[in-house]
Each structure stands twice: as structure tokens, then as C-alpha cells.
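Chain A is already provided as a structure; the job is to place chains B and C on it using the hints.
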Amino acid sequence: MGATAETVEQVQEVTGQKYKYGFVTEIDEERPPKGLNEDIIRFISQKKEEPEWMLEWRLKAYRHWLTMKHPSWQKCSIPPIDFQDAYYYAAPKQDKDRPQSLDDVDPKLLETYEKLGIPLQEQEMLAGVAVDAVFDSVSVATTYKAKLEEQGIIFCSMSEAIHNHPDLVKQYLGSVVPYSDNFFATLNSAVFTDGSFVYIPKGVKCPMELSTYFRINAENTGQFERTLIIAEEGSSVSYLEGCTAPQRDENQLHAAVVELVALDNAEIKYSTVQNWFPGDENGVGGIYNFVTKRGACRGDNSKIAWTQVETGSAVTWKYPSCILQGDNSVGEFYSIAITNNYQQADTGTKMIHLGKNTKSRIVSKGISAGHADQTYRGLVRVSPKADGAHNFTQCDSLLIGDTCGAHTVPYIESRNNQARVEHEATTSKISEDQLFYCRQRGISEEDAVALVVNGFCREVLQQLPMEFAVEAQKLVGISLEGSVG
Amino acid sequence: MSESALQPFHEQYTALTNAGSLPGSALPWLSNLRERGMTRFDELGFPTPRVEKWKYTNLRALERQVFHPATTMTASLGLDRVPTLIGEQAGHRAVFVNGRFRAEMSSLGRLPKGAKVMSFAQALEAEPNLLAEEIDQIAEGQDEQPFYHLNCAFMQDGLVLHVEEGAKIEEPIEVVYLAAADDESLAYHPRHLIVAGKNSEATLVEHHVGIGEANTLANHVTEIRVEPGAKLHHYKLNAETDAAFHVSTLHARVQENAFYDSFTLTTGGQLSRNEPHVKLEGSFADARLNGAYLQRGKQHCDNTTLIEHAVPDTHCREIFKGALEGKGRAVFAGKLHVYPDAQRTDGNQLSRCLLLSNQAEIDTKPELEIYADDVVCSHGCTAGELEKDPLFYLRSRGIPFPVARRMMVESFLAEVVQEITTEDLRQAFLDRVTDWLSRSEQ
Amino acid sequence: MAMLEIKDLRAEIEGTEILKGLNLSMDPGEVHAIMGPNGSGKSTLAHVLTGRDGYEVTGGDALFQGQSILEMEPEERAAVGLFLAFQYPVEIPGVTMTTFLKEAVNSIRKARGEDELDAMKFTKQLRERCKLLNIPEDMMRRSVNTGFSGGEKKRAEVLQMAALEPKLAVLDETDSGLDIDALKTVADGVNRLRSPERSMLVITHYQRLLNYIVPDHVHVMVKGQIVKSGGKDLAHELEAEGYAQFGEEKAA
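Protein chains in written order, with this note's numbering: chain A, 1 to 485; chain B, 1001 to 1442; chain C, 2001 to 2252.
Just so you know, the hints here were simulated from the structure itself, not pulled from any lab data. The hints are all genuine.
Taking lysine-lysine pairs in the DSS-like style, the calculated list, with each CA pair at most 30 Å apart, reads:
(1) A:K350 to A:K205
(2) B:K1388 to A:K385
(3) C:K2184 to C:K2124
(4) A:K69 to B:K1055
(5) A:K385 to B:K1053
(6) A:K75 to B:K1055
(7) A:K359 to B:K1388
(8) A:K474 to C:K2110
(9) C:K2124 to A:K474
(10) A:K350 to B:K1053
(11) A:K69 to A:K170
(12) A:K385 to B:K1327
(13) C:K2102 to A:K474
Derived Cβ-Cβ restraints for the label pairs, each shown as a range:
(14) A:M68 to B:N1358: 32 to 38 Å
(15) C:G2177 to B:V1403: 46 to 52 Å
(16) A:D280 to B:K1168: 58 to 64 Å
Note that the Cβ used here is the ideal one computed from N, Cα and C, for glycine as well.
Just chain A, with the same shape it has in the complex:
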């Protein structure tokens, strides 16, 4: 668990002074004790110098969370999580605790970076090596920031937004994923540390892809991010989220919340390449990635598209969803999920059709290898008022080897006879014929598997922004290493 450079300073400041806002528990250390209670939440809010309303919201969430039960419907098995045996405000890593150079970093990790073609400087950042401030991504972000501000676009950390744009945050935070939504989203609402905030004003097409690739990784942000993107009338934005920072800690919990709001004629494209540490070949370690992502197509003719490439994490539960409220609004979900070794993933989407002539499209490609277990779980709901709604779902699973599992659990609820819902699912394997054909052309067996799998995923890969697509393709190959032969 880590914290940002910013929080290092904050904590140092706070610990050196008296606490404000009636902070009751005495905490001498740089971090609060293990466990979760109202004092810890006050501490977090305090450190972040949050206004009272934010603290109240967190506490409301926390009190609700106490009444909730850990969900058990997913098709994954994990040992029970002891929420009192964790730190909720990261002990900020001192520079002396970090690896001092790449020589101190796990060679396997470096091998992965190498294969991804990540330059050395970035490798250092990704591995959490204490690096020169010049490479601090905050300053990188700042250069973009100025450019974006010219058009009125706000792109900053959630902490900054709470300070600088409290009205926007108040209006939209929790409006798509309410604080009481689900166990992990509620927990996130109580303890979230940071995240991104994006606001695109009316009529503005964001001129560049917004990315948290560097920031999240370089700053080694903690486990509870909160992201909020608002696209005003007639605006559009493409947002990339890269989680290619493998973590080596054991079974670390990552419970983020992402909320998207698209107003009339607005469009949001949200792409993710998730490659958290999946645990080793024996299933030891790895991230529990329990993320709530949801977009509201609030305006007429609005559109939200989720694209995800999920290759990491020991256990993933994630269902990026679209609430299609506005008439003619469109929701899309394109997903590639690869599980190898002992990884488990239960992922899919929800498309809730409320407005007239709403359209949704789901393309899910699941690849399971090794001893991994993977489930597509999806919901398509057509409400009685969604005349003319249309959903198309295609779910394909590919199994590599006979010790893995692939499951498809779609829920399709149709309450409108003017709507059309179509769902197709297939399960197959890479045929011996395909492998031999590739090998006869000189391609090694491992490359042949990667090639065929990339072909299987093509429809989704095509949805990714160019620079991500290349990385994703490489990831596909790397993730499946050792799955054949």
C-alpha cells in the first residue's frame, strides 16, 4: 500500500500539528492504526483537508457499510477478508523504503516491462523506484492541464476537485453510484483516497486522450480510487486508464469506483487496460480487483462506451454498466478478459434500457488458461417504457487446456414488446489445425497461440485507442505464456 508524494507531505504536516475538526483518537504515527472506524475516516478526511460535507458523506457511507454483508454471489472463491486487519490510510512510503534502483526490483517484473517495451525511465516509475522529481507525473499533468484549461476542461485529482470545484463534485459524486450501492462501492465512498476528476464543458470536444496511465502508476496511489467524469451537453471525451503497475504485495484489495455522466448529445469513451499483479504461477498473491464502474447516459442521444482489457489481478469482480436514461442513448461494452494460472474473474456488464430507442451492444471475449476460472455475468434489462430498445450481445469464450473453466451467466429481462434483445454465446478452443497451420508457416507454438487469441479478440482490440491497442496485443501474448506445451 502506498500514497502519493503529496500525501507524504500532508501527513508530515498533520503529524506535526494539532488536529482540527474534533479529531478524537490520538494518532502519533504517520498512519492511523489498522482497522476501520469513524475516527479513521475523520483522519483521512482531515489529512485531505476536506470540507465538512465531504466528511459527512463519507461517514454516512461508512455507517451504511456496517449494515452490509460481503457479497457471495460471484463465482469466485476467496478467503474472507478481515477489514479490520488493514490500513485505510496508506503508510506513505519513505524514499528509503523504496527500491533504490532497478537492481532491487523483482527481475520478473522487469522482464514484463521489457516485453511491453516500456522505456527505462518509465520502468523506474512503475516499479516505484524513488525517481527524480523531474519525472514526477504531477508536473507532466500540469503541462496538459494548461492546454486543457484553455477550453475550460477540468482534469485534476479528485482531492483537488473537492477543493476547487466543490459544487460540481457535490452535484455529481454518488449520483451514478450512490454511497449505498454495494458493499465495495460503499466502502470506497467511506475511505476513498484519490482518483481523477474530469469535466468537459458544453460543446467541447476534448482535443486529446486523457489518461491516468502515468499518474496512478508513478504516484503509487492506494487501493480506493474514485473517478468522476462529466460530459456536458454536446461534449465528448476519450479517457484511458492503465493499471499496468503490477504490485507484489499479497492479496491486496483494490476497490475503486468510477462514475460517468453524459448529458444530451455527449459522448464518453472509457478504456481500461488492467494488468495488476495476478499472483504467481501457484496462485500466491495478487490483487483483489473489486471495482464498481457505471455510466449514466442522462441526456438524449448520449453515448457511453466501455472498453476493457483485463489480464491482471488474482480475482476480478467488475461490471462496467450503462444506464440508458436519455432517449436514443447508446451503451457499449467491449471486453477482453484473460485469466491464466490460478486467476479468477467474474466480469461483464449491465445495460439498463429506460429511454426510448436506446441501443446497447455487448461484445465479450473471455480466454481462460491454466487453472483459471472465468465468468461472464451480464444483465440486459428493458423497462416497459423503453419502446424501440435494442440490445445485441455476443459472448465468446476460448479455453486453453483442460484444467480451466469458462462460464457464461447472462440475465436478460424484457418487459417491452417493442424492444428487441438478442444474445449469442459460444465456447471453443484453439484447434490443432490452426496451430499446425501457423507452425507450418514458421510461427512458434507460443506465438501461434498469441496470434490466434489476438484474432479472437480483434473486434474488441479495434475499439481501443491506437497506442493502447499495441500494448494490449502484447499483453495478450504475455498473459498466456506458459499456457501451452
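Coordinates of chains B and C only, in the frame set by chain A:
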């Protein structure tokens, strides 16, 4: 689940066991099974929509009823004749009224050698060992099935069909289940056992009908074994009254090279739940699990199916189609489970539903759970209204809208009824579809 | 040195012997045809030479430029210059012809210790080959063999041969499923790739392909052995007489 809904069942169970009037009450295995059934049903209670397998079927209406145990009825039913699907002259017929076998209404005299048809109560007298060996032994995964256990607690009668090794029964065996309740709500829990011996072949037609105004709960449990090389065709029509609750739990095991061919048409009932579980446990076992449903008014029909491919080289095909009018509701939840090492499994599943009114609802959950890599498995599902182009085409040729619509729905459903292999039966089921459509409210 | 020398080769599938001591020798630049009735083991020979799973070599050897290839992996055989034009080319959905061929060309170059081609160079080269064989370039953007007509599949095989520049190409029933026009087009492509350094082994049931790809030598294969060898006229002889003279049913 409310405690009060379980209370009457308790009292009735205690009264029945104390009176010692249940058939076979002297058989320890049976008493134990009944006792365990009651205990487990108590633990589980009636499932709520929070139970995943009952997510879309709400039993509140059923729980509100107080059902009386159906007793042996000797009085005349006021029926001119036994309702039959296949014609009075054809086939063999066993008739059950409120779950009790009625020999005098049945016609089993012409059964060929090798086919044994008995009532469950008769079998308890004549062949208690057969039942002891099979009842509750074929079923698997029943622990979480409350209606299964309720049946165990109250089972008294039912159908026992044993087709001996190599026997081929040419004519279909029709089993008529008549629900008759006029004055008070009645519940009965028939228990059936069907064993198709090695290389045998038979066709079984279940025909569920009802008369009378009162509510009935028919809670059937069927255990089936299709032995190596045997073929069992199992067709079912549920045409009970709008006051009927119908729950049917079925466990079938299909062995090497055997073929289990089933088709279920549901037109009747206030609430129908068909829950077949087919386990393909021998290589080259093959199953068809097909069905159709036609619901209107406030009818609710739930087909929740499970097909297990337990060994390599098994095959199954499942098609369910339906049409809903008024506030008709349907559920299709089909799960296809491929075990580890069940290589070369070929399984596919299709669910298609026509929503003919803007208040109808279909909830679908086609599920694949796969642990072997060399498999070909797929499912498809659609829901929506009739296609506009062909409808317009028919109307442009002068066919009035209601007729055009009926033609299209009929052809949509005919596709799955065609899966019935026996031609006469296929026609009988098609006639039922046509009949339902001719009574269209729209 | 011979391009290919097969000595007393024996191979079986699941315990059934298919190749029963087969001998064949080919020199660089030569085109040999192997003709034979169904089930004589022609396709088995193609698969054993290229290293497909499921065949067990029980005796003899196959030398490619003096080096035994039977222990090599399929991709290693491809790297030394052995190419098979498949009777049934395999579909690989989602993988474009360009991606596939770039992967193949660079894998082979890498195995030979040569530099990989960058995207520009490769595309240029591929474009030239398409032009040479009169293959529309947009075929390169389609998924490998996916949705190709029978003729397109076979032409794509010839294009791959052109791109990979093998020393020895085995053409397995390249004429099957083709009408006469498609056959001519494919044969024309093959002929353009003939060179003094490249040998070809044309496996076919019928003589008609050999009207367009004229062989230097013709061998008759029956029951896993070469029973007769001769010049190109042997093919015509067979067409007239059938395989009956070798104890086989007359060819259909």
C-alpha cells in the same frame, strides 16, 4: 418465506403420519425419507426471489393459499370421458385424479410384454424393493430443492413405469393427470419412477388437465433412468386450469448410448414451474430438452433446466420457444454444465420468446458452466415482437392482421414442436398451439 | 546434393501403417508429381514431411538438403525452407493475412539469424508479391482464409509460398474443389514461382492439374509406396488406364 405458509403442511404431515394412513408406512426407508423430506422442507421453506434459482418466480400467491391434502375420491367426476391427447382408441392409458391412480378409468390391458405400468402405491405392495432401490437414488442435487422435499414428505401415489431390457413399446403410453377441485384448495404430491431398461424404447406422454374452480397444487417429482442403448421419448402437455399451481421436479440420468428425448408444452396453470435436471453420464448419451409455452392473462410459466455433461462424447440440444399475451410472464433459465474431462461435448441451447403485448415479460438466463476445453457449446436467446416485414407482407396479400399474426406465431412455435419425433403426437401438440392462438385476446 | 531424399520411409496413424517404405529423390529446381488413388497415403506423406501431430514414423528417413528433418518441430522445418500448401487451408478469424504473413516471415528470418523486416519493408514486399500473382491487395486485410471461396483459399496458399520463399514446396491436392478457371489461375501462380533453386512436390489425384503445372517427373503411389516413376507422359497414361493396373479400383 413466512412461517405461517408452512404451518398447514406441518399439521397435515403430523396428522397423516400419526394416523399411519400413508401407503407403505411400515417401510422404514420410506418413513425415513418422508421424515427427512419434512425436516428439510422446514429448513428451506418456500423459496423467495432472493434464492437464485427462483429469482424470477415469486411464490407469494401460492403461499397465501391453504391447501388441503387431496384424499381418495370415489365419487364420479362428472366427466363423460377421460380427456386424451392421443385418442381413446390408441395407445395405453393410465389415469390419475388428484394424484391417485384410477384403475377403472385407465386402459392398460393391451400393454405388451416387457412394459410394466403400476401405481406407486401398488408398487409399494408388489415390489417394495424396486422402489427402495430407486426412489431418491436417481435424484442428485435435490438438497436445495424445497418442492422435492415437500414431495418426499407427502408422496402417496404416482406412476411407476419399467420397460424391460430390449422391449420396444410401439404405441405411446399416455398418463392423464387430472386436477379436480371444486370446493376447497387441494394439494397432492405425485411421485414417479421411470426406468427404461437396456436397449428398450418407449414413448411416454404426460397430459395434465384440470376441472373445477378451486386452486390446486400439483407437486410432481419424477426420477428417470435411461439405461445403455435405450430410447425414451417423454412428452408433456400442461393444460391445467388458471387456478392451478404446477411444480414439476425431474431428475433423469442418461447412460451410455442412450437417448432421452423430451418436450414440454405449457398452456395452462396460474403458475407452472418445470425443473428438469438431465445428467448425461455415459458416453454418447444424447438428450433433447425442448419445450414451448403459451401464456396469457396473469399466467406465469418458469422453465428452469439443468443439463450436465459428466463424461466425454455426450450431446444435447435444448430449444425453448414461447409467446406471451396480456400480462403473461415466462422465465427460461437453462444451465449447461460440462464437467472437467467431459471432452468432445456438443451442447447447444436456444431460447426465443415473442412478446405479443406490451405488458408481457420474459426473463431469460441461459447459462454455460464449462470445465473442459475440447467442447462445442453455444447458446442463443432472443426476445421481442413479431417481425414487421413478414407481417406486412401477409397483410399486403389481403390477410387480416389477427390472422396474419396467428399464422406467424404458429409457424414460430411449430419449429420447436416439429422436434417431436412421433408424427401423431406432433400433430396433437400443434393442435393445442392452434387452439390457444384461436382464443387470442388480441 | 539432393533437395529431398526420402529413404524407405514408414509411418503409421494409430497403429495402422500408411507409408510402407517409400523412396523418393528430388534435385533442386525439379518439379515432381505424386499421383495415386484415394487412401494411397499421399496426404500422409505431406503431413509427415511437415511434422504434423498424430503420425508416427516407424522407419526410414527424410533428408532435406542432406539433413534429417523428422525430429524437427514444424516451425523449424518451415525455417529451413519447407512449405506445405494445404489441401484444406485453415481459417483463423480475426487475424489478417498481413499480420499472419508478417509474423511468419519474421519468425523464419529470426530463426535464420536474419534481421526482422519492419512494417514498411514488409508491406512493400507483400504488395509486390500480390502484384506478381495478380492477387487483389484488399485480400491482405481479410482474416486468414475466413470466408474465402475455394479458389481464394488456394490462391492465398500460393501467395504465402511467394512471401515465404521456400526451397521446397509441397502442394497437397491443390486442385481439389477448383473449377477450371480457378485451377488455371492457381497453376499460373505456381508456375511463376518455379525457379532453378526451388523444388516442388505436387500431390494430386487427377492428371488435369499437371496440364498446367508440368512436372519433370511423375511417381505413382499405391498403398504407401512408389510403384512406378517416369516422365510427364506417365500422367497421361494413368489418366487413360487408371490405377487398376496397380491393383487398385479405377479412379473415379
